[in-house]
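Visitor: Build out the structure end to end from the sequences listed, making use of the hints.
2 protein chains.
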Amino acid sequence: MTIATHIKAKLSGASWIRKMFEEGARLKTEHGVENVFDFSLGNPNLEPPEAFDKALKDAVASSSGNDHAYMPNMGYPHVRRSVAEYLSQEQRVRVSENDVIMTCGAAGALNAILKAILDPGDEVITPSPYFVEYQFYADNHGGILKTVPTKPDFTLNIDALSETVTQRTKAVLINSPNNPTGQVYSKASIDALGRLLKEKGRKLNRTVYLIADEPYRKIVYDGCTVPSIFESYNQSIIANSYSKDISIPGERIGYIAVHPEASFNKELIEGMALTNRILGFVNAPALMQRVVASCQGSSADISAYARKRDLLCNGLGECGYDFVKPPGAFYLFPKTPVPDDVAFVKELQKELILVVPGSGFGGPGHFRIAYCVDDRTITNAMPGFERVMKKFKV
Amino acid sequence: MTIATHIKAKLSGASWIRKMFEEGARLKTEHGVENVFDFSLGNPNLEPPEAFDKALKDAVASSSGNDHAYMPNMGYPHVRRSVAEYLSQEQRVRVSENDVIMTCGAAGALNAILKAILDPGDEVITPSPYFVEYQFYADNHGGILKTVPTKPDFTLNIDALSETVTQRTKAVLINSPNNPTGQVYSKASIDALGRLLKEKGRKLNRTVYLIADEPYRKIVYDGCTVPSIFESYNQSIIANSYSKDISIPGERIGYIAVHPEASFNKELIEGMALTNRILGFVNAPALMQRVVASCQGSSADISAYARKRDLLCNGLGECGYDFVKPPGAFYLFPKTPVPDDVAFVKELQKELILVVPGSGFGGPGHFRIAYCVDDRTITNAMPGFERVMKKFKV
Numbered sequence: 001m002t003i004a005t006h007i008k009a010k011l012s013g014a015s016w017i018r019k020m021f022e023e024g025a026r027l028k029t030e031h032g033v034e035n036v037f038d039f040s041l042g043n044p045n046l047e048p049p050e051a052f053d054k055a056l057k058d059a060v061a062s063s064s065g066n067d068h069a070y071m072p073n074m075g076y077p078h079v080r081r082s083v084a085e086y087l088s089q090e091q092r093v094r095v096s097e098n099d100v101i102m103t104c105g106a107a108g109a110l111n112a113i114l115k116a117i118l119d120p121g122d123e124v125i126t127p128s129p130y131f132v133e134y135q136f137y138a139d140n141h142g143g144i145l146k147t148v149p150t151k152p153d154f155t156l157n158i159d160a161l162s163e164t165v166t167q168r169t170k171a172v173l174i175n176s177p178n179n180p181t182g183q184v185y186s187k188a189s190i191d192a193l194g195r196l197l198k199e200k201g202r203k204l205n206r207t208v209y210l211i212a213d214e215p216y217r218k219i220v221y222d223g224c225t226v227p228s229i230f231e232s233y234n235q236s237i238i239a240n241s242y243s244k245d246i247s248i249p250g251e252r253i254g255y256i257a258v259h260p261e262a263s264f265n266k267e268l269i270e271g272m273a274l275t276n277r278i279l280g281f282v283n284a285p286a287l288m289q290r291v292v293a294s295c296q297g298s299s300a301d302i303s304a305y306a307r308k309r310d311l312l313c314n315g316l317g318e319c320g321y322d323f324v325k326p327p328g329a330f331y332l333f334p335k336t337p338v339p340d341d342v343a344f345v346k347e348l349q350k351e352l353i354l355v356v357p358g359s360g361f362g363g364p365g366h367f368r369i370a371y372c373v374d375d376r377t378i379t380n381a382m383p384g385f386e387r388v389m390k391k392f393k394v
Numbered sequence: 001m002t003i004a005t006h007i008k009a010k011l012s013g014a015s016w017i018r019k020m021f022e023e024g025a026r027l028k029t030e031h032g033v034e035n036v037f038d039f040s041l042g043n044p045n046l047e048p049p050e051a052f053d054k055a056l057k058d059a060v061a062s063s064s065g066n067d068h069a070y071m072p073n074m075g076y077p078h079v080r081r082s083v084a085e086y087l088s089q090e091q092r093v094r095v096s097e098n099d100v101i102m103t104c105g106a107a108g109a110l111n112a113i114l115k116a117i118l119d120p121g122d123e124v125i126t127p128s129p130y131f132v133e134y135q136f137y138a139d140n141h142g143g144i145l146k147t148v149p150t151k152p153d154f155t156l157n158i159d160a161l162s163e164t165v166t167q168r169t170k171a172v173l174i175n176s177p178n179n180p181t182g183q184v185y186s187k188a189s190i191d192a193l194g195r196l197l198k199e200k201g202r203k204l205n206r207t208v209y210l211i212a213d214e215p216y217r218k219i220v221y222d223g224c225t226v227p228s229i230f231e232s233y234n235q236s237i238i239a240n241s242y243s244k245d246i247s248i249p250g251e252r253i254g255y256i257a258v259h260p261e262a263s264f265n266k267e268l269i270e271g272m273a274l275t276n277r278i279l280g281f282v283n284a285p286a287l288m289q290r291v292v293a294s295c296q297g298s299s300a301d302i303s304a305y306a307r308k309r310d311l312l313c314n315g316l317g318e319c320g321y322d323f324v325k326p327p328g329a330f331y332l333f334p335k336t337p338v339p340d341d342v343a344f345v346k347e348l349q350k351e352l353i354l355v356v357p358g359s360g361f362g363g364p365g366h367f368r369i370a371y372c373v374d375d376r377t378i379t380n381a382m383p384g385f386e387r388v389m390k391k392f393k394v
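Residue numbers (the working numbering), protein chains in the order written: chain X, 1 to 394; chain W, 1 to 394.
Hints in this document: simulated from the structure, not taken from any laboratory. Incorrect hints may appear among the rest.
You can't tell identical chains apart in this list, so a pair holds if it fits in one copy or across any two.
Computed cross-link-like contacts, EDC-like style, restricted to lysine to aspartate or glutamate with a CA-CA straight-line distance of at most 16 Å [to be verified]: (1) Lys57 x Asp67; (2) Lys8 x Asp119; (3) Lys8 x Glu267; (4) Lys218 x Asp375; (5) Lys335 x Glu318; (6) Lys19 x Glu270; (7) Lys350 x Glu22; (8) Lys10 x Glu267; (9) Lys187 x Glu163; (10) Lys8 x Glu270; (11) Lys393 x Asp375; (12) Lys10 x Glu270; (13) Lys28 x Asp191.
Quick caveat: nothing in here was measured; it's all calculated off a predicted structure.
Guide: As structure tokens, then:
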């Protein structure tokens, strides 16, 4: 008797992914970090924007003792006001500070949301491929994650979603721009999803919430825009984070926003303020709350990610890789030329290229490249990508 | 169908406490914050030490973009090394960085620990009166909190603890210096507890962990020392935080340390690194990790708390209150002169004095005074404390 049985199972269940990471670490030790092409982590490599640096310096210079004390569990009122003002413009729906809770990143936000709404056995539906942590987040709170395949281009399959909504469905959880595909769901598809959930809610006589996990919202290319969730469906909850767009994932700062017209809005917010507290977050980190309040709307140099995406897509296209060119996030999710994506990824490792098999995201036969890396990592990895493709495509 | 049934129950279950806080807020609005004597929250009122201010300014001045990125989920290796070095001296047991995980405060630490060790129905034993959040923390992860009364002076009752340990017991959770009583458990009692758990473990053929929640360790008076947990029992895990001693509870920074000789030490650490990630903490806030690494061992001016304690104890003693003078933390837990502590606390509210009924801590017939407040709040509240005591003691 030692650690919990279910945690032991999770540790050994994830062991092949861990082994891959361990192998990656070994390769770095053996060949030197600079000689390994690591595309395995969504750790933004761009500098935070100047607005962040300035806000941080200002916040520290002006801080008094009390600025590190507890504040209301939901966060500083002035910070929530600042988020609400920005969000009202972004979503084109008027949001107030009372609709916003500051959180420990989007991961903290999603856990607080799911704990507040899930009873044992309740289902959460997510389109696949999907961010693998969702499985844990639902399971943490007794829920069950149901996955529904997207279309071949990774856009929403509304019919398939419709078939999966049942009496047990508590929420649909979407992530657009998407990790691992980089796909962005269109306004038409979000509208259709909103209509579907409204209709289902009426028939089932219950509220089916739409949870939008949006940390990549600002990371889009070629003039692509991410539609407003709040405009399309009023039973919606946004989880967001400053990790990816401001390049500060280590600082753990984000927020929850509940649609002001959502059913039982007040109860939801009270419930999530409670779950945010009792899960041990207590409140979002104080200093970073004050910092992000001063740099709403700013982001790292997204054009650099656009350049990396083009460099990668052009290179891989020439090598014969098959993929959907992604309009957002910093991930590419190409097909593997053979069904066994783990075998393919192991071959890439031999070329000192580290990527993640699609199976890890519910998308077998694919692999994920996180291209938030130096341009030269992309350029220098290309010969390896080419050799491996040639080996498989005979 | 809206929020989860169990969360709804928790919200309404805590409603009398919430009503008290709402009443407190109303009194502040009506009479002005400065005219209300708020002893209800353990929010340290002392300034953080200079070492913290310096470390924060230095960390920000020297920070580059990468300093806000993800690091290993367990925390920066150099930070964990710095914690391990300090802890090795404090506990007089050699601890390495591999035994330490940086967390989102002690609340985050306890949730990560309990999720890693609890299977559904597993029991955690805690001496009462106890920090009320423990109930939530155990419940979050399917565990059951069993409380065991302490002796009348709030010291450990080893015999009572012994009777409560069963085949279902996964851990004993202690908090010394204690919230809400301020009591500190002696070396002899920790040794006895260690012997008991070792003996029980042998008989039951399982490991019973001792979890020590120690955020008040540095806040002790009159030369009192808090004994080493690691010296007394090697199946032990420490949860700690910089919230109370450095006065930075809003920043959410703390750590887990596992005894290097604990059974399945490696599995425990791996399990807790996983639970810390999947619960949504991901990692402890990056900047604050680097800051606390540079101010290990420093603390706010504890002598000021000692002065406040004496001011309060002398004043209340003269009014006829009955209490155990606490050797640590910044809480006093006097008896109420009538069994109904809620009724008594409501009378104090009429004098604009805000405290928390002991029932909220599993200690009915008492009330908690958090004396981390201005000296004049204590002095000015004394006539009110006296009038209410006179009303009840006829």
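Visitor: Take the hints in turn and mark each one as holding or not.
Guide: Here's how the hints hold up against the structure:
For the identical chains of this complex, Lys57 and Asp67 are neighbours both inside a copy (14 Å) and across copies (14 Å), given an alpha-carbon limit of 16 Å. In this assembly of identical chains, Lys8 and Asp119 lie within 16 Å of each other by CA distance solely across copies; the values are 11 Å between and 24 Å within a copy. When the C-alpha separation of Lys8 and Glu267 is checked against a cutoff of 16 Å, the pair qualifies only between copies, where the shortest distance is 8 Å, while the shortest distance within a copy is 35 Å. Taking the closest pair of Cα atoms, Lys218 and Asp375 never come within 16 Å of each other, the shortest separation being 21 Å inside a single copy and 49 Å across copies.
In this homomeric assembly, Lys335 and Glu318 come within 16 Å of each other (Cα to Cα) only inside a single copy, at 14 Å, whereas the closest approach across copies is 79 Å. In this assembly of identical chains, Lys19 and Glu270 lie within 16 Å of each other by CA distance solely across copies; the values are 14 Å between and 42 Å within a copy. Within a single copy, Lys350 and Glu22 get their C-alpha atoms as close as 14 Å, which meets the 16 Å cut-off; across copies the closest is 63 Å, which misses it. In this assembly of identical chains, Lys10 and Glu267 lie within 16 Å of each other by CA distance solely across copies; the values are 12 Å between and 33 Å within a copy.
With identical chains, the CA atoms of Lys187 and Glu163 are never at most 16 Å apart, being 21 Å at best within one copy and 63 Å at best between copies. For a Cα distance limit of 16 Å, the shortest separation of Lys8 from Glu270 across copies, 9 Å, qualifies, whereas the shortest one inside one copy, 34 Å, does not. When the C-alpha separation of Lys393 and Asp375 is checked against a cutoff of 16 Å, the pair qualifies neither within a copy, at 27 Å, nor between copies, at 78 Å. For the identical chains of this complex, Lys10 and Glu270 are inter-copy neighbours only, at 11 Å across copies versus 31 Å inside a copy, given an alpha-carbon limit of 16 Å.
Taking the shortest alpha-carbon separations for Lys28 and Asp191, neither the intra-copy value of 46 Å nor the inter-copy value of 46 Å comes in at or below 16 Å.
Going down the numbered hints, you'll see the structure goes against 4, 9, 11 and 13, while the others check out.
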